[in-house]
Amino acid sequence: MSQRFFRLPSVRPSLAPWTYGFIVALAMWIATTAYAGLGSAGATVASALAFGAFSVVVGTGQMLVVASGPGNIDLSVPSVLTLAAYASMTVMHGSDGLILPGLAAALALGAGAGALNYLAITALRLPPIIATLAWSFVFQSLAFNFGGEATLKPPAALAGFTALQVGGLRVMPLAVMALTLVAALALRRTLFGRRLLATGQSERAADLAGVRVGRVRLLAYMLCGAAAALTGFLLSGFTGGAALNMGDAYLLESIAVVVLGGTSVAGGQANAVGIWGAALFFNLMGTMLNTFHLQAGVRFLLTGTLIILIVAIVPRPRAA
Amino acid sequence: MTDATTTDAVLAARRLGLARRPWLRDALGVGLPAVALAAMLAVIMHIRPTAMSYFGFTLLFKLATPLVFAALSQMLVITLGDIDLSNGSFVGLVTCVTALFLADAPVEALLLYVLAVAAYAAFGLLIHVQRLPSIIVTLGMSFIWLGLAVILLPSPGGAAPAWLNAFMNWRPPLLPLPIWIALLAALAGHLVVTHSSYGAVLRGAGANPRAVERAGWSLLGIRAAVYAAAGSLAVLSGLALTGLTTSGDANIAPSYTLLGVGAVILGGGSFTGGAVSPVGTVVGALTLSLAGSLLSFLQVPPTWQIGAQGVILFLVLAGRILVAEKTP
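Read top to bottom, the protein sequences are chains V and W.
Residue numbering for the first sequence follows the numbering used here, starting at 1 and increasing by one per position.
Residue numbering for the second sequence follows the numbering used here, starting at 1 and increasing by one per position.
Don't read these hints as lab results, they were simulated from the structure.
Incorrect hints may have been included.
[Stated by the list, open to error] Heads up, incomplete: computed chain W residues facing chain V, CB under 7 Å, no partners named:
(1) I135
(2) V137
(3) G140
(4) P161
(5) V300
(6) W304
[Said to hold, decoys possible] Computed footprint of chain V on chain W, listed as stretches where at least three residues anywhere in the stretch have a Cβ under 8 Å from a Cβ of chain V:
(7) 35-49
(8) 126-134
(9) 146-160
(10) 260-266
Please read these numbers as outputs of a predicted model, since none were measured by experiment.
For glycine and all other residues, C-beta sits at the position ideal for the given N, C-alpha and C.
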C-alpha cells in the first residue's frame, strides 16, 4: 500500500501536505471577505497574522518535540506559557530598562521546564504525555500561587513592539516569519536538525550512527519550553499583562497546527513553514465564523469537522 | 505504534524478566496503584478515623464511578495503540442528553445514545481506513462533541431522571455503591479483556496487528467494535455523572480525558499497544479520584492542590520503576 503511494506522485503530481493549510486559509479569507465586504479584507488578514504569530511560535516548539519520535508530545505548553508570562512581568515590573532581563528570565524558565519534562520522561521512564501532564499540573499551581494577584502592566516598549507597524505592516508577525525560516533551515541544514529527524525516524539507527539520542530529545524539549515561554512573554505584552487562563487555548491548538502543518505524529518528519498555513487557517476560521454570527456550539462543531476533514483529505506525510 | 518502539518495549520487558513471568507484570501493574491507594486511605483514616465507615467510604469514592467508566473507555482505545482525546467532552455531551431527554423522552434519549456510539464507531472506521493518527482525529471529535453539547444545552441545566439520581445514591448491602461498581467493572473487564479469547484477539490487534490479520480477523471490524465499546462505556460514565450532579453541563468533564489516560498508565498499561490491565485501570481511577480527597484532608491550600496531584502522579509512577528495577 505505502509502496504504491511513493510512486504515485511522479505519475500524478499532487500538492504537498503542508500547502493545504494555506489553501483552506485562503478559502476562508475569501468567504469572510465575500460576506463582510472588500473593505475589511486587509484588517482580517492583519489580525489573523498577528494572532497567528503566537500560535506559530508555540507550534514551532511543539513541532520539534513531535518530530523527535513517536509518542513525544508536550502537554505542559499552556502552563509554561502562563508561568513564564508572570515571571517576566515580575522581573520587568513595568520598566522599559528591564525588558531584556525579563525576556531572559522567561526563556530560562521555559528551557528549565523543558529539561524537567525530559528528565521525568527518561528518569521515570514515563510516556511523554503523562510526564508533561504531571509537570503541567505543578507549573499551573506555581502560576496560581506566584502570579494570582499580580496585575502588573507590561513595559510600554514591549507593548509597543508587539503592536508596532512599519509602513502599514506589523513587525511582530514578520519577526515570527523570520523565526520560521530559521527553524526550517535549522531542520534541513544544521547538525541538530538532521540529528533530530534521524532520532525521530529510528531511535536505534540514530543511536548506532553515533547520535546522542538523549541529548537531542532534551534539546527539543528545552526549545519547546523556551518557545512557549517566548509566546507568554510576547502575548502578555500584546494583551496588556499576564492572565491565569492565557495559555489554555494553546494546548490543543499547538498540536493541531503541527499536525495540520504537515508534521508526522510518527516523528522523524517536520515542516516549519506549514505551521503558518495551519495557524492562519485556525485564526481565519475563527474570524469567519464570528462574521457569520454563528452560535458558539456551531463554531465548535465546524472547527472539529474541518480538522478531521483536512486530516482525512491531505495525503499522509511520508514517514513511518 | 511502530516496530521500533515495540521491539524496545519487548527488549525492556525481557531484560526485566517479565516476558517469562507475565503474572509478575500483571501483579506489578495492579499492585502499585493498590499500594498507593491503601497508603492514601491510611493517611485519611489517621487524620479522621470516622472516615473508616460505610458512610465515609461512600463520600470518599462518590465521584470515582464516572471516572472508572471513562478510564475503562480510554483503556480500550489505548489497547489498540490509539489514544482518545475526545473522551471527556463526549462524557459532557452525554450528561447534556441525559439531563435534557432521559426523564421525559426516554426513547429519544436512547436513540441519541445509540447514534452517539455509532458515531464513535464511525470515527474508529475512519481512523482505520484512512490510516489517520488517532490523536488528531479524536482532537477534532472533541470539538464536535463539545459543539453538539453546547448547541443542546448552552448553559448548565436540565434535570436527571429521579430513578438515576436514586440509583446513584442507593446504599447497597455490605459495601458502598462506588466500591461495588468498581469491583464489578474490574471483574467484567478482567474476564472480557484479560481472560476471554476475544480479549486475546483484542490485545493482539494492538500488539501485533499483522499477525491478528493473518489469523483471519478483520482489523476493521475490531477497531469499529472497540470504538463502539469505548463509546458505550463513556455513555455509562456520563449517566453516572448526571446521576451524581443531577444536571447536564457541556464543560463538566474535560479533565476525564487525561485523568483516564493517567489511570490506564498508573494501572500498568502502556502506549505500545496490547499491554493494558482492566483491574489496574480501575484501581488507578480510584487512586486518582481519592488523591483529591486526600489533599483536602491534609489541608493543602486549593491553589496547591493541582500541583500536588501532579506530584502524586509522579510518586506512584516512580514506585513502578523502582519495583520493576529491583525485580530480577
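Right, here's what the structure says about each hint:
This hint holds: I135/W has a C-beta 6 Å from the nearest C-beta of chain V, less than the 7 Å allowed. Annotation: V137/W was flagged as interfacial toward chain V, and the flag holds, the nearest CB pair being 6 Å apart, inside 7 Å. For G140/W, the interface hint holds, the least distance from its beta-carbon to any beta-carbon of chain V being 4 Å, beneath 7 Å. For P161/W, the interface hint is violated, the least distance from its beta-carbon to any beta-carbon of chain V being 24 Å, above 7 Å.
For V300/W, the suggested interface contact is broken, since its CB lies about 10 Å from the closest CB of chain V, more than 7 Å. Annotation: interface hint on W304/W holds; nearest CB of chain V at approximately 5 Å, less than 7 Å. Only when three residues or more bring their CB closer than 8 Å to a CB of chain V does the claim for the stretch 35-49 of chain W stand; here the count is 0, and the claim is violated. Counting residues of the stretch 126-134 of chain W whose C-beta sits closer than 8 Å to any C-beta of chain V gives 5, which meets the bar of three, so the coverage hint holds.
Coverage of a stretch by a chain is defined here by at least three residues with a beta carbon nearer than 8 Å to that chain's beta carbons; for the stretch 146-160 of chain W and chain V the count is 8, and the condition holds. Given a C-beta distance limit of less than 8 Å, the hint that chain V covers the stretch 260-266 of chain W holds, as 3 residues qualify and 3 suffice.
The structure fails hints 4, 5 and 7 (numbered hints given earlier, in ascending order).
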